[in-house]
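Given the coordinates of chain B, work out where chain G should sit on it, guided by the hints.
Note that the protein sequences, when read in sequence, are chains B and G.
In terms of the working numbering, the first sequence opens at residue 1 and continues consecutively.
In terms of the working numbering, the second sequence opens at residue 1015 and continues consecutively.
Calculated directly from the structure, the hints in this document are not laboratory data.
Every value quoted in this text rests on a predicted model; they were computed, and no experiment measured them.
Glycine residues also receive a C-beta, built at the ideal position from the N, C-alpha and C atoms.
Be aware that a few hints might be false.
To be verified - Footprint (simulated), chain G over chain B, 3 or more residues, beta carbon under 8 Å:
no. : segment
1   : 257-266
2   : 279-285
3   : 320-329
4   : 333-344
5   : 803-813
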Amino acid sequence: MQNTNRPQTNNDKVLVVGGGLGGIRTALDLAEAEKNVVLVDNDYTIGGLMTQLDRTFPTNNCDLCTLAPHLSESGRQEYIELMSMTSVRSITGEKGNFTVSVRTEPRYINEDKCTACGACHEQFPECVRFTPGLDHRAPTCMRYPQAIPQAYSIDLDKCEDIEALVNCCPAGAINPDDMAINREIKCVSVVLSPGADLFDPSKLDYLGYSTLPDVVTSLEYERILSASGPTNGKLLRPSNGTQPKKVAWIQCIGSRGIQKGAGSYCSNACCMFALKEAIVTKERFQEDIETTIFYMDMRTFGKDYELYLERAKDDYGVRFLRSRPHSILQQLGSDALTITYTKDDSTEQHIEDFDMIVLSTGFKTSEQSRQLALNAGIELNDSHFPVTDGFNPVATTKPGIYVAGTFESPKDIPDTMVQASAAACMAGSDLPAGKKTARKENNITTERDVSGEELKVGVFICDCGDNIGGVIDVDTLAKRIQDLDNVAIAISEGHGCSRVSMEHIRKTIEEENLNRVVIGACSPRTHLSKFQELIRKAGLNKYLVEIANIRDQATWVHSNQPENATSKAYDLIKMAIASVTKAQPLVDQSLPINKNILVVGGGISGMTSALRLADQGFQVYLAEKSDTLGGVAKNIFKTLEGDNVQTFIADLTNKVENHEYIQVITRAIIVDHSGMPGMFKTGMQVGPQMFYRQIEHGVTVLATGAIPNPTKEYALESCNAVMTQLETQKVVNQTPDIVKKWDNVVMIQCVGSRIPDNPNCSRICCQTAIKNSLAILEINPDARIFVLYRDMRTYGFQEEYYQKAREKGVIFVRYSKDSPPSVNPAGNQVEVTFTDVILGQKVTVTADNLCLSTGLVADNDSSEELAMIFKLPRTADGYFLEDHVKLRPVDMPVPGFFVAGTAHSPKLIKESISQANAVAARAQTMLARDSINLGAAAARVDSKLCASCLICVRACPFDVPFINADGYSEIDPAKCHGCGMCVSECPAKAIQLMQFEDDKILAQLEEIFDKVNA
Amino acid sequence: MPESTIKIRGKKKNSFLDKVKEILPDEGNLSLCLTCGACASGCPATGLEDMDPRKFLRQCAMGLDEEAVKSPWVWMCTMCQRCIYVCPMKIDIPQLIFNARAEWPREDRPKGIRDSCDMALRNDSNSAMGTAPDDFIFVVEDVLEEYRESQPEFKDMVTPIDKPEAFFFINQNSREPVTEPDEMVPLWKILHLAGVDWTYGSKGWAAENYCLFLADDECWEKVTRVSAKQADELGCKVFLNTE
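Extracted from the complex, chain B is given alone in its bound form (with noise of 0.2 Å):
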């Protein structure tokens, strides 16, 4: 896609490298903060890893659902030139004015003409492009319907007759003259996001992976669970092609290891990974399948993550046995795969058959990312990701060039996203300030006048695959809605949402004439704006279309009843006809946006936050609440890598208060909250006489943090042997003779966390008690340590720590939720009873120290307070709820709020600096919009009817109406929420909200009841 259209300037654009999820949201950041970017990828569509999944965690939704839209989005941004099958060669030059030489492959397909009708795939197949592996399906590089670009590309080494293949195209769009182009590109700084490679286990002979056919990868289970995987979405034994009755995962497979291969990080994200795929195969096969998990610990330190591993445990059943199997094995004759295991409280050797085994691979950089972190001159470390900022992990050794995602290193989907954004903020704040882009007009065609026309419904139903069409027969069900009132045409559509079921649906409008449409497909939450935004192009109303969410609500719930499916999903779309007969044409408000911002909290997040705005040039008031900035990292010192936390807290404080554009309020306490995005106003009383102050803005930043666990388990005040680790830390800084005297230190994991009253993982505490582990050793090299944990949550390149810590001798004890450690205070020390389970003993240690991880909680007092006056939703253990857990951990729900560090969930430092950066960026993909438009969704009076009772008044949470001078109620559509109170409440019927007309949901409602009446 060859943006011409645009005047190539020097020095105005990001590069970003690598189109996988990560790659596409920050150039999705940029473009939207109307910043110029060029996206190269060397695949033939982009999309990446992400595309390959089934499911994720923690909702399971279907990965190419969630992610389909924003594919879209960034192929019709017009701020982003996107380069398909595009390398990097070099990069030459420097921060603001980089030189990037790439070379794009030949496709010999040119995009703008190729309709991905599939007709040289047909006639053609061994000449287009095969992705090799399990996904042997249709043997062509348009992986999914969905995918972008929306092309096939050729093999010309394969093809033998040139000329046939030439004029098979019907659009004409093969050339088999394509030729490799070199280009060089300038800008101003890079984004490297080209993702990890996954762990080969081939070369791991005791697996058997490269010989047994039903030994395969996460990723390989994940495909043949995928509906649009080699088996359809069947669970098959590669093998025998039947339905395994018992499959186990072995994690750590080329992580955590010093030989053959494997890397000594943790792969962050494979612990999940294996939960999702147990979980959804238990969802599907229930009773008929057993579901192992053969591990070393269970990683789930991310937000709510341990609840999906309860989950996984108490509500479906999964079999976890802490253990590695020694090796896999299959007797002459037997297709049975035989591993043998031992639990650690016995010497007891097990014998087990399982049908198919799923190895949790994780992450390895690819030989292709290493090449071109030498071509971007970027350092990197042992294990070949690159070296970062301790205090910015996007930031590498080379000023201007950031990196993201799985390059950086192993992390899951939400870390992917925030760093994603983050990038984009670093990225984007060495571009010239104050240097925009115009922003092009849209040509769009105008819309047409229906009114008066003859209603003429056209409905369209998908099949999304084997999702609705492996339920009902879709084509059935077209002819039968044909034959209803209004409607003009009624067909299939396959994937409604693919590029060339939209243009044909475009075309359908315009062809027929018709003037109100029907979609029966998924959720309107995801794919609404999709269709509205193209029926708006074929010259409709965007107000003028209804979507049946036929698959949710019909095929997915009811999928072993497919005649049942059908009449459901047959009424859904009759309801939606009935409705879209009433549906008129809508205009959106508009307001024009405050461009100030609020930060609540002054911590790290919320300093760094602040700061990259008011770089940026827009004011940002910093609001406190206590007398000082800094936060909750006040009390540490140095982080686990060494970096110095005073220091740089110092200089943060130190940038922030002295920012033109950057006002502090110290003990500034919010009272209240109104306005909508883009205009609020928030009331918080300031200062010691607690004046009253008003501050207007159009983006608030929640930064609230979160505060120390304040658990008093373990004899923790009664004697003075057992501290917090916060305390064990500070006396390590700043009296190191006590530390000499100590002989033995005990640690104790899990504090006040993972248990009933607070079931989450505290996430920086495993972290923690390596880095004071590591120093006290530092100091006192024969102190003896042991820490009692549960499931050592090292993850990332934390791994290295922790295993640093025992080869120093530190001795990690695991002890169970049922059997905590006991605690007897003696004299200056204490007594800590435990129960060594390997070796079935009791061991006592008479400890000088007892250091508590005790974690975070959600500051209640506050987050509670907060919540309710933002009207802000939270998890049930107080932490502020994102948009969405997997693809906007940083957005709020409620649009115009944005949340970073601690206050959305526990996190380190550096995570959360990672986070207060990606605030800035989504911050900024608001704050570059002049206006902002709030739908169409407010409430009407009908002066008529109004009888002026002030119900609708008191009714409005948000104040809105007003008896005007005439004498009625009036709401203004700009300040109207559109949440409807006032309409349900009004006794006369006066108010009617736009969207949600009365006369449209009786429509629907006689549709269903009238076979009731009957």
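Just chain G, lined up with the frame of chain B:
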């Protein structure tokens, strides 16, 4: 669960584990255990004496030197190395066990292994069965003769002993010449068909090395030197240990 409680107090004392770490390259990675159980899952001696490699290492790590080192289990290890092969941390458990054996007074070590080691020291054969060099030579020649006659396709097969400048110096478990002489022949045939230039030694021909399994470094060295010297004196290029 045993009643005994492990008491840990006061200063750390030097332990058996520390001692072994000092003499192994990379400390044998002995401190790196993740207690994952991969070793125990695959060890042929797991479950014997209620022990397994992970538990053994754990006893050492917790300072239970007496229990670990004195366990008869240390003599049940076959030194097969299945544990270290799959260990994510590449922990040298076989070396740890070897050194535990070395802690035992020689007279307390298992009689069978000890006697076999002592037997090997009796003459220059290195044979744990005490077979003398002449007996070995006689058996080899006798068996060769028999096969040359009965299987004409191998009439040119040779079994050189002390052949100078032979490329391979090959040794032989002495159980075969003594109790199962026919068992030697398949290897000869392979060497013959492959046209290999090889030789036995009249000295140091026995391949088994019970002194190694006895963890008797001194005798192990003695036995090994006999073989090595013979190979060197003959001018062989490669010492091919068949055990």
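- Tell me, which hint numbers fail for this structure? 2
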